[in-house]
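Number of protein chains: 2
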Amino acid sequence: MKAVVLTDIGAFPVVRDMPEPRPLRGQVVVSLQAAALNHRDLWIVQGKYPGIKVGTILGSDGAGLIDDRAVLINPSLGWGDDPRVQGTDYEILGMPRHGTFAEYVAIESSQVVDMPSHLSFEQGAALPLAGLTAWRALFTKGQPQYNDRILISGIGGGVALMACQFALAAGYEVWVTSGHDSKIARARQLGVAGGVNYRQADWHKELKARAGLFDLIIDSAGGSSFGLLAQLVAPAGRIVIYGGTLGAIEGLSPQTLFWRQATILGTTMGTQEEFAKMIAFVAEHRLVPVIDSVWPLAEADGAFAKMQAGQQFGKIVLKP
Amino acid sequence: MKAVVLTDIGAFPVVRDMPEPRPLRGQVVVSLQAAALNHRDLWIVQGKYPGIKVGTILGSDGAGLIDDRAVLINPSLGWGDDPRVQGTDYEILGMPRHGTFAEYVAIESSQVVDMPSHLSFEQGAALPLAGLTAWRALFTKGQPQYNDRILISGIGGGVALMACQFALAAGYEVWVTSGHDSKIARARQLGVAGGVNYRQADWHKELKARAGLFDLIIDSAGGSSFGLLAQLVAPAGRIVIYGGTLGAIEGLSPQTLFWRQATILGTTMGTQEEFAKMIAFVAEHRLVPVIDSVWPLAEADGAFAKMQAGQQFGKIVLKP
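Heads up: the protein sequence lines correspond to chains A and B, in order.
All residue numbers for the first sequence refer to our numbering, where the first residue is 334 and numbers rise by one.
All residue numbers for the second sequence refer to our numbering, where the first residue is 334 and numbers rise by one.
FYI, nobody ran anything at the bench for these hints, they're computed from the structure.
Heads up, the beta-carbon is just placed ideally off N, CA and C, and yes, glycines get one too.
Treat each hint with caution, since some may be false.
Residues on chain A that point at chain B, a partial pick, calculated with CB under 7 Å [claimed, not checked]:
| id | residue |
| --- | --- |
| 1 | G555 |
| 2 | A581 |
| 3 | S586 |
| 4 | P587 |
| 5 | L590 |
| 6 | Q594 |
| 7 | T596 |
| 8 | I597 |
Which stretches of chain B does chain A cover? Using the computed rule of at least three CB atoms under 8 Å from a CB of chain A, they are [claimed, not checked]:
| id | stretch |
| --- | --- |
| 9 | 415 to 424 |
| 10 | 556 to 569 |
| 11 | 572 to 580 |
| 12 | 583 to 597 |
One chain only, chain A, in its complex shape (with noise of 0.2 Å):
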């Protein structure tokens, strides 16, 4: 079968010929329609990941057909019996085990769910790992209230819009940042109140004049900036971060936060009970991820360029 493997550390992954899966006990086969990418995939290709292995099938999303059962495949495995963390037998699919940027992968049959009816395996493809990291960060870690005012940082990537979409749906209000005033004016057609780009000197202090303050912030960036949006925490306020893609966090003052009651909140991927909660969700409420491009999977490279420029809007599907 074709699909995208790891061969250099530092290079983008090639599409190659590899065996297909054999099941192994407890497993089944799945035959893949769509996958997508995650920021994941992309920290593996270059090298930022512990305990990578070369000659690896990438993809931890994907959705596809058990006979002629439309499934998805929760990419969080082994999580263990502890909600609040994941043991140390925790991994996630696509990197050490062969993941879904091919025809077929094999996985545990307690990891596929039924894909919602009102969705294209495209759409549902794009689903699993950020909707499960979004659904954690948004609801079991930050425990939104009735009334409460929610901001997410840097819109646009796949996390921050299912979070978007969810607390949506859930009839929070929502602001959001981004460094692309495109991707703000996209997120309005979603719903969301309003936005700052965050490129603009003392962003935070024009967000803060417009909206107020929050009771939820939602990052994935860290860095310095983090020290501006808790700025923005309001009493009794959670910021709940999932990322860092500007590093070390800086000039975080501690005053903000104990004067305030203020929480901040690590959180990554999620639990089986909590992916199911999260189909479970977007079916309720017919929720249709974004979707930024399709490619074939024979242009994985082009897929992965396209993540490593950080113009898109939503989530990059590879096509087997």
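Once you've looked at the hints, dock chain B against the given chain A.
Frame of chain A; chain B shown alone:
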């Protein structure tokens, strides 16, 4: 009556004659037998506090008599209805309202509780603000669970010591840091498992090698050492921060936070309910606050100089 009054911002307060307080409706007058300093008093003297009013009697902590009833004063005033965070009317006794560094103070009767009978007035006066802050930090925010390992930074300060005593009384394994070996030695006498001096290079690595990771870390410093503290947090661990003596937090890894599902919780002071629980815990376990030194009210400047030097281990007490 004699009282310690802030007359110039930037200078130590002075002892002067002030009129005895007249109780408003709902208030009682406490004949103060002992009072205690907090870092807050020093911040006020240094002008590092919002809403400073010259002419105010300082002091948040006091123990005394109402007729022959021995009482402690809860200095946490007007918290409001939300246990998560103090409301906009919140204030702390001793600025802008006249405080406890005096012979008498007028206070709402709902703010006084019976002093646990095993305590002297000096010991009782050492308890309220530090005990309340430590209680909320350790139990309400930190939510320690069975077998958790706890790290308390900057041992020697009043809140850190009370948190240490509470955690030991509740049966947890406690480790400490300090900039003084002598303070670590004294903490070992209280029952802590061990500690490291944060002035030595790679102190965090030594602590990790000796103790492992910590389920709960309690810090009042912030600064760049917070980034090192965070490297010591266990999976699903919590870092509670109630002060910022070293300024803005720097070098805090988002990856550590999100991959370990760690949480940072800001906290200050506490509710009436938390105060009552803290007092009951102190009475039940017959805990005795650690006192560094006792000073006559007339020598308040000596007490302030001692606190400013940062050499104390335990509370600095004033006797009217």
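To see whether the hints hold, each was checked on the structure:
The interface hint given for G555 of chain A holds, since its Cβ lies 4 Å from the closest Cβ of chain B, which is under the 7 Å cut-off. Using the Cβ-Cβ criterion of 7 Å, the hint placing A581 of chain A at the interface with chain B is satisfied: the shortest such distance is roughly 5 Å. Here the hint on S586 of chain A is kept, as its CB sits about 6 Å from the closest CB of chain B, short of 7 Å. Residue-level restraint check for P587 of chain A holds (minimum Cβ-Cβ distance to chain B is 3 Å; threshold 7 Å).
Using the Cβ-Cβ criterion of 7 Å, the hint placing L590 of chain A at the interface with chain B is satisfied: the shortest such distance is roughly 3 Å. With 7 Å as the threshold, the beta carbon of Q594 of chain A comes within range of chain B, its nearest partner Cβ sitting at about 4 Å, so the hint holds. Among the interface hints, the one on T596 of chain A holds; its C-beta lies about 5 Å from the nearest C-beta in chain B, closer than the 7 Å criterion. A least Cβ separation of about 4 Å between I597 of chain A and chain B falls short of the 7 Å threshold, and the interface hint therefore holds.
Only residues whose C-beta sits within less than 8 Å of a C-beta in chain A count toward coverage, and the stretch 415 to 424 of chain B has 4 of them, enough to reach three; the restraint holds. Coverage of a stretch by a chain is defined here by at least three residues with a beta carbon nearer than 8 Å to that chain's beta carbons; for the stretch 556 to 569 of chain B and chain A the count is 4, and the condition holds. Remark: the stretch 572 to 580 of chain B is confirmed as covered by chain A, as 5 of its residues place a Cβ nearer than 8 Å to a Cβ of that chain, reaching the required three. Figure legend: the stretch 583 to 597 of chain B, annotated as covered by chain A; annotation consistent (15 residues with Cβ-Cβ distances under 8 Å, at least 3 required).
Violated hints: none; the structure is consistent with every hint.
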